[in-house]
Amino acid sequence: MANRVAIAGIGQTYHKSNRPDVNQAEMVGEAVRAALEDAQISIKDIEGMFYSNMETFEGIYLPDHGMIAETGAFGKPGFKVATGGTSGGSVVCEGFYMVSAGLYDVVMVIGFEKQDCGDTTAAITAALNPSWSKGAATGAIGEFAKQALSYMKTSGAKEEHAAMARLKADKGACRNPYAHLKLGLTSVDQVMESGYLVWPLRFLDFCPQSCGACVLILASEEKAKKITKKPVWLADVEVVHQEPFKAGTFGDPTGTETYTQHAACERLYKRNGITDVRKDIDMAEIYEPSNWEEMNLYEHLHICEKNEGWKLIEKGVTEIEGEFPVNCSGGVIATNPIGATPVIRIAEAALQIRGDAGEHQATKDIKTALASALGGPNWTTLALLRRSI
Amino acid sequence: MAELAEKTATKVEGMDVWIYHGQINIPNTYSAGAAGSRFLVNLRDKGKIMGTRCPKCNRVYVPARSVCKDCFGKLKQWVEVSDKGTLLTYTIDSESKPIQPVDAPVIYGIVQLDGADTGFVHILSGVDPEQLRCGMRVQAVFKPREERVASILDIKYFKPL
Amino acid sequence: MAKEPEYIIVNIDVPRKYDWSTGKYLGKVYAEAKENKKLMGNRCPKCNQVMWYPTVVCPKCKVETGWDWVELADRGTVVQYTYLVFPLWDPHYGERWANSHPSAIIELDNGIYQRHWLEETDPEKLKEGMRVEVTWKENYDERGLGLQDVPFYRTIED
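Chains as they are written, first to last, in my numbering: chain E, 706 to 1094; chain L, -13 to 147; chain B, 47 to 204.
If you're looking for bench data, these hints aren't it; they were derived computationally from the structure.
Please note that a few of the clues may not be correct.
DSS-like cross-link-like pairs, simulated, lysine-lysine; straight-line CA separation at most 30 Å [unchecked claim]: (1) L/K34 / B/K49; (2) L/K83 / B/K63; (3) B/K49 / L/K62.
Bound conformation, chain E alone:
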């Protein structure tokens, strides 16, 4: 019989473009201490440490080994996972499996990335097979640019809708003390005036490279109830990855199709009795590296029907005060320390359920939340959080 798993502690760093004042180990240490402080437990109570980081983005090899002292991991079991953009989602799944299986009672899952040390786009471009991609220096941005073009064509969304989504994200980020980019945008025109990065994506349409770490303390039911009065239940998780972008395979010309999101949602929703996302779930923290991708994801995660994503933006359904808030924290487009980002999504969803999100707390009461992660060629991890189970 599987154990129930709860989030008993949450910690994150204040995400920034540059952190010259700390090395990677010291930066992660900040988030570890913040999580211990939140849970009011000592590092001695943690039984296992699981890390998430994409080494090539910083160029630091075996980073988990280099931060044993700074993260209090000496003598504890653990390992690192690296699954691209979903690394943080995968590491939360790891922690979930460990506690659920009864191997540990209290573990730490740690996501981090210190992107001032490298060039992420260059690192992603390096992942492409060199025989095929001479000079294909578009990295992830190029893929999202092509998806944006596709979305504009098939759904009828306009650049104004993408700009409105960017505005919503910035509003959330300005209210979130931990967020990275706080631009103080006041109008759609400001977004439309920013230049193109990779056409049709503008500079403001894509996420930044951030330095940050986020830590969750996962505990079994018995321990969680001892640690905190407000455990947030990690009811279920799901992971679906696929082969990298191969345009045209299996009827998908652009390689952008949503096999992984569909598969992940189908399985998770079925297991948890979710038939109408906007009724059965209260809010979502989704991984949208670009505002175009946010509208796409509304459809792929079944928050709305196909080709209707931009309408939710137009009607303000997903605003902080809206009927189905999405990314009250500002989302990935405001903060993206890649290894940490999916952990941040789950952390922010948990804060909403606890009622601890401060100024970016959703207006409606949040009892159930969905957190998603996205990586590389549309990989997906999902997490379902509940206030009570």
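For chain E, the structure is supplied; the task is to place chains L and B on it using the hints.
Just chains L and B now, with coordinates in the frame of chain E:
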């Protein structure tokens, strides 16, 4: 548009297989961080080797670190350690590699400086490799002030006392 | 008043060189491109889908794709494209550049999808649905890099 280096592939004799010659060239930086920076600045400005001390475990870490690995305590006490120490072990690398700071043969040693509780990796020089012994006493040789740049190589090498 | 401490940043600029084998499937592509100016994918015996780029195993059927080679059509229609405006760092070359040629997804006339560069650099002239044709490096000695033996897909009227 910049002239880009041509990539090449070499065919393997006798089969339709090629070997593709490429590179992953990404400019990386490493932040020395709070403790590391102060350690390196002391090497450059004062020619001093600094460690951090954990009062609970009574342990001195050299090079200086921010956190004690045994008790997870933050290390706020800075102490100067000697530029002399004991050679714990060593090895000789006979092949030159782009990442190495000096040409081969390079003698790497782990030195425990007087006052430190940890080993410290550096280069040994000014000695015939045949004369090296574990346990021998060694001393740091610093570069002149104008050549020091807040790098671990501000210590040029260690030589026998 | 305490002075702001000095933080040291170390530069690490060592390119990681590698020598990767193409293996026999990609090697066949290299051989056909060099000798015959043809691009070839392999066809799954079970689902008949042509794999471009060739694979050892069909990802859907999980059977060995095998040695049934199909030539990619010379002409196709552009499904999607994008172009770099801001120069980005290219790790394969160790330099920052913005390729003026757009990257495109092309549906070739025999149903296979190709991802490659277009010759047309004027954004005004680019549109989805435009027709393109493969171009080759004509000099035998300059070929021998697989798909890189095809510099671009050129716009055509047909």
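Here is how each hint holds up against the structure:
1. L/K34 / B/K49: holds (20 Å)
2. L/K83 / B/K63: Distance ~12 Å between L/K83 and B/K63 Cα, so the pair holds.
3. B/K49 / L/K62: Given pair B/K49, L/K62 holds - Cα atoms ~17 Å apart, limit 30 Å.
This entry satisfies every hint, going by the numbered hints stated previously.
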